[in-house]
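In the order they appear, the protein sequences are chains A and F. Each number in the working numbering comes from the position in the first sequence (counting from 1) with 1 added on. Each number in the working numbering comes from the position in the second sequence (counting from 1) with 1 added on.
Hint data in this document are derived by calculation from the structure and do not stem from the laboratory. A portion of the hints provided could be inaccurate.
Since copy identity is lost for identical chains, a pair holds within one copy or between any two.
[As the list claims (entries may be wrong)] Quick list of in silico lysine to aspartate or glutamate cross-link-like pairs, EDC-like style, CA-CA up to 20 Å:
id : residue 1 : residue 2
1  : Lys130    : Asp63
2  : Lys79     : Asp55
3  : Lys75     : Glu120
4  : Lys162    : Glu113
5  : Lys162    : Glu109
6  : Lys140    : Glu64
7  : Lys21     : Glu122
8  : Lys130    : Glu64
9  : Lys162    : Glu120
10 : Lys117    : Glu135
11 : Lys75     : Glu122
12 : Lys39     : Asp63
There are 2 protein chains.
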Amino acid sequence: AKPRVGYTFRNGAVENEIRKILNRYRVRDVKSVPVVVKETCSIYDAIVALFTEDTGSIYVVDEDNFLTGVVSRKDFLKATLGQMDINKIPISVIMTRMPNIITTTLDETVVEAVRKIVEHEVDSLPVVKCFIDENNEEKLQVVGKISKTTIARLFLDLAMKRFEGV
Amino acid sequence: AKPRVGYTFRNGAVENEIRKILNRYRVRDVKSVPVVVKETCSIYDAIVALFTEDTGSIYVVDEDNFLTGVVSRKDFLKATLGQMDINKIPISVIMTRMPNIITTTLDETVVEAVRKIVEHEVDSLPVVKCFIDENNEEKLQVVGKISKTTIARLFLDLAMKRFEGV
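Just chain A, same shape as in the assembly (with noise of 0.2 Å):
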């Protein structure tokens, strides 16, 4: 939706200066609490924890706690919707998995993941900490989610100035 009238500002400098600010947020100023489930958790269940917790997508996590999935509302609409047997299928049988799944950590700007959320047309990205295990392998620890909801807050609260601190 490209903008089309009212965009023009008189003062340059204002326009800069909201710039500054907006990209003055770190992810680990606006994040919230994902849910998370295992990998061997149904995609019956995994769909009941949705509506329980009214979220939008669910991050899927290994015996170890480490991120191995992400589902969004749509891919549990693609399951149900097919021949599936959705009490005995794991989730992780439908879940999208690395490298496919987009991330961003604590210390990103929130511009850079409201970027890459509207790049990838994705709904969240969780949070995620990196660590390197003694294969040197990757592995990502769940330590939030950034959500659609969650600029729409930030938008919402930077307008009505209903932030504290100020």
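Starting from the known structure of chain A, arrange chain F on it as the hints suggest.
Same frame as chain A, now just chain F:
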């Protein structure tokens, strides 16, 4: 998600400018094109539209093209989980109806629209024009859509200065 750190502006004037500028945007400036189906459309066909158009919610209209319902991915997921024959049952059975549809108008501010999205916990708002028919009933024509994706894009435009007319 309440912000915690880094939200302190040194300059109250700049912060006022941000609020002024964010509040300048109208729904008409950023709205996108909605996916609209008739009440008689089957749940299955509506889900196909959801995937082919890659959208999060679908708006439903009557034979005169006036808005009668809204269906989210969550509503579809509920329907596919149940025992319904989604090939036969029309979408009107599962849609949210007036007066429970939260709407916005072309002249409303984007901030007010985002407030509605956040407070009512919906993914999108139909942008409507209101008419009064011969029976003195209010009829709503769908002229657009505002979603969390719209807000993420606007946030990015503001932060990256990708918008025109500057």
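Next item on the list: Give me the numbers of the hints this structure contradicts, sorted from smallest to largest.
Entry: Those not satisfied are hints 7, 10.
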